[in-house]
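The task is simple: from the sequences and hints, build the whole structure.
Residue numbers (the UniProt record's numbering), protein chains in the order written: chain D, 1 to 609; chain V, 1 to 514; chain P, 1 to 316.
Keep in mind the hints are simulated off the structure, nothing from the lab.
Hints are all accurate, no fakes.
Keeping only pairs whose Cα atoms sit at most 25 Å apart, straight-line, the calculated SDA-like set for lysine to any residue is:
1) Lys194(V) - Ser173(P)
2) Lys456(V) - Arg327(V)
3) Lys438(D) - Arg235(P)
4) Lys193(V) - His179(P)
5) Lys211(V) - His99(V)
Derived DEER-like restraints, expressed as beta-carbon distance ranges:
6) Val63(P) - Ala162(D): 54 to 64 Å
7) Asn383(V) - Ala183(D): 39 to 49 Å
8) Val5(P) - Asp492(D): 53 to 63 Å
9) Gln137(V) - Ile82(D): 55 to 65 Å
Covered by chain V, according to a simulated footprint, are these stretches of chain D (three or more residues, beta-carbon under 8 Å):
10) 27 to 35
11) 208 to 216
Keep in mind the model is a prediction, meaning the values are calculated, not measured.
A virtual CB, placed ideally from N, CA and C, is assigned to each residue, including glycine.
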Amino acid sequence: MRRLPWLPIVAVGLIVLAALAAPVIGLADPVAMDVAHRLAGPSAAHPLGQDEYGRDVLSRLIWGARTSLGIAFAAAAIACVIGTILGLVGGYVRGVAELLAVRSMDVVLCFPPLLLALLVVTLLGPGASTLIPVLAIVYLPSFTRVAYAGVLSVRGHEYVTAMKVLGAGRLRIMTRTILPNIAGPVLVQFSLAAASAVVLESGLSFLGLGVVPPAPSWGLMIGAARGTMVQAPLLLLWPCLALTVTILAMNALCDGLRDVLDPHPAARRASWFSRFRRVAAPVVPEPAEPGTVLDVRGLTVAIGDPGDGKLAVRDVSFHVREGETLAIVGESGSGKSLMSLSAIGMVPAGVEVSGGTATMEGKDLLALPAAELRKLLGDRMAMIFQDPGSSLNPVHRVGSQIAEAIRAHRPVSRRAATTQAVTLLRNVGIPDPERRAKAFPHELSGGMRQRVMIAMAIANGPRLLVADEPTTALDVTIQAQVLDLLASLKRDSGLGLLFITHSLPVVAEIADRVAVMYAGEILEEGPTAEIFADPRHPYTAALLRSAPKDDGPAPEGIPGTVPVPGDLPAGCVFAPRCDKSIDTCVKTRPPLFDIGPGRASRCIRWASL
Amino acid sequence: MRISRRGFLVVGASLPLAGFAGKVMGQTSSGSSGKGGNLTIGLSSYPPNLQPWVNAGSAAGTMAALIHRGLLSFSADGQIQGELAESWERDGDTGWVFHLRQAKFQNGSPVRAEDIKWNLEQVADAKSTAYMRSQFQGVERIETPDERTVRLIMKQPTVAVPDWLATYFMPMVAPGTLSRDSFAVGAGPFKLKKLERGVSIDLEAFEGFYKPGMPKFETVRVVAYPDENLRVAALQSGDVDLIDYVPWAAMSQIEQDKNLRLDTTLGPYMYLTFNGRTGPFADARVRRAVALAIKRDDIVQSAFFGRGAPLEGLPLQEGTPYYDAARAHGWRRDLDAAKALLAEAGLSGGFSCTLLSTAQYGMHKNTAEVVQQNLADLNIVVNLHMPDWATRVALGNRGQYEFAVNGTAMESTDPDNLSSVLDDTAAPSFIRSTGITVPGLSALLHQGRAEFDTKKRRAIYAKVEDLVLQQAPFVGLAWRSQGYAMKANLQGFTNIPGPLSFYSATTLENASLA
Amino acid sequence: MEWFVKRLGISVLLVWLVATIVFLAIYLVPGDPAELLLSQGGAAPDPAIVEDLRDQLGLNRPVLEQYLHSMAGLLRGDLGYSMMDGAPIAGEIATRLPRTLELIGAAALISVLVGVSTGTLAAVGAGGAFDRIASALAGLGLAVPVFVVGTVAILVFAQSLRLVPAGGFVPFSQDPAQHLILLLMPAGTIAVGLSATMFRVTRSAVLEVTLRDYVRTARAKGLSFRRILTRHILRNALIPVVTVLALNLGTLLGGTVLVEYVFNWPGLSGLLVDAVNGRDYPAVVGVVLVISILFVTLNFVVDVLYAVLDPRVRHG
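Structural data, given as structure tokens:
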């Protein structure tokens, strides 16, 4: 969670405080006239001057805040409460309630706010008591919609279903379970509505439909000052300035609140766009062994500013050879995806590579200018992601998404690329590829989509394929088919496959070698068969024990959780969960021990296991 | 100079806009030649309708003054002058004789005595919605001894007949040309060419107008600018040549601009009406206390930017025979007297009441705010009720208020016009107080209406004024300045002084741009 | 098809509801058209004349009868005649509506051009100097009421610099160049606030979409920055942008009162305000009816647009 937006909170707080304290801070009477000094400029007694009746502008400004903000907050609060209830009921109960609660808002929306005000104010007479319900009606639909949409998105969630199964009543589910989950967007809507109500109040007061004079309000002040704009421009400036500052502060507060309540807060600040501007001095990497597709050495990745020391990946080295599959395996949160993405230059937002090299075809991917890296991505190296549903762009046809990958690297016509895309689809085993090429992603099944992703990845004949949990989102039969497809691709084209997974059975099926990752470090590495038969790290052993087997006893889970970057144990990262842990393990972090041909372990007790 | 600067700026800003610059200049330079040419008028509102005889406000009146002529009109110095009637005279106690001149309607047919008779009958018709209907229902008969003579016999002696006929409520239109939604054919200097409803009306000179050499403009374009600030801006930027209802805030600014000219007169006025049926204002002493507590200078300053004058008596113009300096200041602010009156009425501790005004018009709103402040000196707590104008009119007509701010102007300088705000026997209206009967007042007003002798009339209206000052069924607040602003080179247009200001467009027949 | 019929049914119901509410509301509001018409200029009309006019205008019939008469007229597509001057309401709306649509359209065009481009730029450089300045300006744009923007614009561009006329309207057929010049200021004024809104929506939508998996896929394909931005990010960010734009356009229908007033632009909002002020019942009902029909149509167009923009909606 992000820090609270203190600056806007303080600003809004000060404004509200000034408005609340208006009667007690010794201001001049805001309605006392002094016609002899009308339109007088600033003086000691009247710091902001006097208006067209000689009234004190500063006093009217602060009392005006009381009126304007009071009306705006009251209206927003009423709209918020009623609108949220309507949206909740409409979204959760459905049926007639939905029609009445949500569709009826369309009737309100058919009335432009000013017409609504015109009608209601002429009906009820002007004044704050009329203005509050008018503004509340104006903002009612937005709250209803926000709440309704929120309910629709959470009502299917497991916890709501769970509550239902537990026999909780509708009211209880709505208030206890759904309401807290939609509170974020509703709160943001509240501050938006309050800000906008201040502006609308000023417009209505300007038209004479708002606050009744002589009560001060910013809108009345602006409306009156417009008439004397040429003689006394400052009179127009003050209320406009007050309004602007208030709205700016409230907008900033809205943005801040949204950031706090948003699931991806960090990314809002730093976007990956900056990567496109990165210019780094090229480093000449050490030459790698022949036949190596990717050679990663000492890769270290920091979350946020590298100076903060939150290292999510620390000093990781590995390599992938031609025609070989290296599996990176580990629990969720072990940093395996982050590490693999970073290794090929696809550093996610909010993350910095703070050390190491990743060599491919003699170039360090980590130091390559964006334009150079781009030439390699999708061409010499390609990726497949976990969720093919979200990894394909929903608004483009799959054929054209594949063709796009081709045309990014090959000077071919659109038509030729499309033909090629159909061929690729056929190669990955999609039936009726001509028709499927014209489909949108949502029209395909999950397995189909992953095949499309694979087709896209191999479109340009890459040397390296990074597959990030490519089968996790698929059911078991499809999983096997996709693994077979990947295996045959590797066999046929001799590409190196970097396979990221948390599933040991998958590793056993596809990998030649395996690297076990935990808390941003590689704990053990070696040929798959050897590791499975003879694990040399307690974590590997624990993982193997926890894997489901076709026969035998139920798997044991590993007690405890993966430590988070920035809060790592001083010694071995696995020590707190390790049943073989000794004193040294807790005190010093072990290096990676070379324990045989192609094998390494980060356990000081590797020999005794 | 201004034109070339603007042209330069536009061309300088961006070359492709050069074509636009020409257009902008074309707009400004229109009507610069003295003979023929075009006059563009910026009016405060688009006339709600253009039917003859009805009262549809001053914008419609201005249109009527451009398109129509009646038997008589008001001259630039405020005197009644002949129009379709070359001359007129009284004929016995109740009779009036009008001698028509040789004139033509805009459809070419001559203006004959029967046409005039037809017009007067239409106005007095039982189903007519004419503003002067009840006045002309006081006509006993109309005779047309020949083509060019009209004799009007009233049921009672009536002094104000020529005043009535000189207003723009009494245009003479060609019979049979009346339609529900358009203008009837008139006999005035300009005829209707084209109208863009709600936006503008284009007129062109009527070649057959009966005054030789008039009108001087070839075309007149009337554009509605309801926003007063924009109306001024349009004049300052040269989009229009003449504007009405100059906002008071802009007057000094216009006076300082040597390219512009301001012509103002004190015509309309603001006043208070009361509901005497119940509540404190049923007591004349309370009403008089209110009259004595108002700081009228503050109203003039804050509602009219100093462009007005205190109105401390009846709205009788200084310089007219009925003006009396002492009575005219009968309600000069005297807080002690006011407090004494309230004490006498048993309300020395003050009371709380509601003042009806409207937020739709700044002058009503501002006046109410000052009244509210001033009455605080008498411990009277005034709440303001400011609905829109339509509601305010309805509440006023139904007597659903305690006291109210209003503004109006007399239709002409004749004191009989006071009846409209004073006559307590007339039907209830928002322009008069409700439920207040001042014994003898109505009778005096009727007497004045029928009295031709100026000296005797003065005596009658002096009594009226004394009664009103004492009983305060009406409390004058302030005269307000009614202004026209124009380009300095617009000649021949005059703001007719006093309440006749609204008829000023009549003088445009003789106006031209030098 | 069934969807369409259902939708049409709801729309008709909606429009009928709105017309009825307006009809009843305006009759409940104090004030009387005949009285007002005859009270112009602070005059006191003869009550007999007022009664006669009320008879002529049909105001003395029972409200239910007037309502049924009015609804029957609406069913035939007859909006009735103005109580002010007897002009047909339909004709009046027909001349005013295109002006308002033109104003809103021009404002929307400017706002989309300005708001979407700056919003995208700000999102691309999120946290940078441009982003900060543009975000602050957008806050300002949202905060300053249109009537202040309009007034200041007139003061600067018309009165001081004399670059443009102070306001008004010239039909396109009469003088196209002048027409466009006169359109520029009010449209620009509306666009100040609307651009700020578009800026904010675009910025947050782009940032949001940037986090999506398919954008990562696009990067992994080695697409150029421009192509990722236009084809993958903006194309998807457009969906919320269109939603918010449509919502704002709906509000602007009949909501341009202040701008029309300040710039003397004779549009539908001005007609509505005049009609309410003059208690011109048929005109009020007619204008609101047209606005609600437009609103319903706009919603329909937006739904169609969604289907165009988002294939998932098309099939779902």
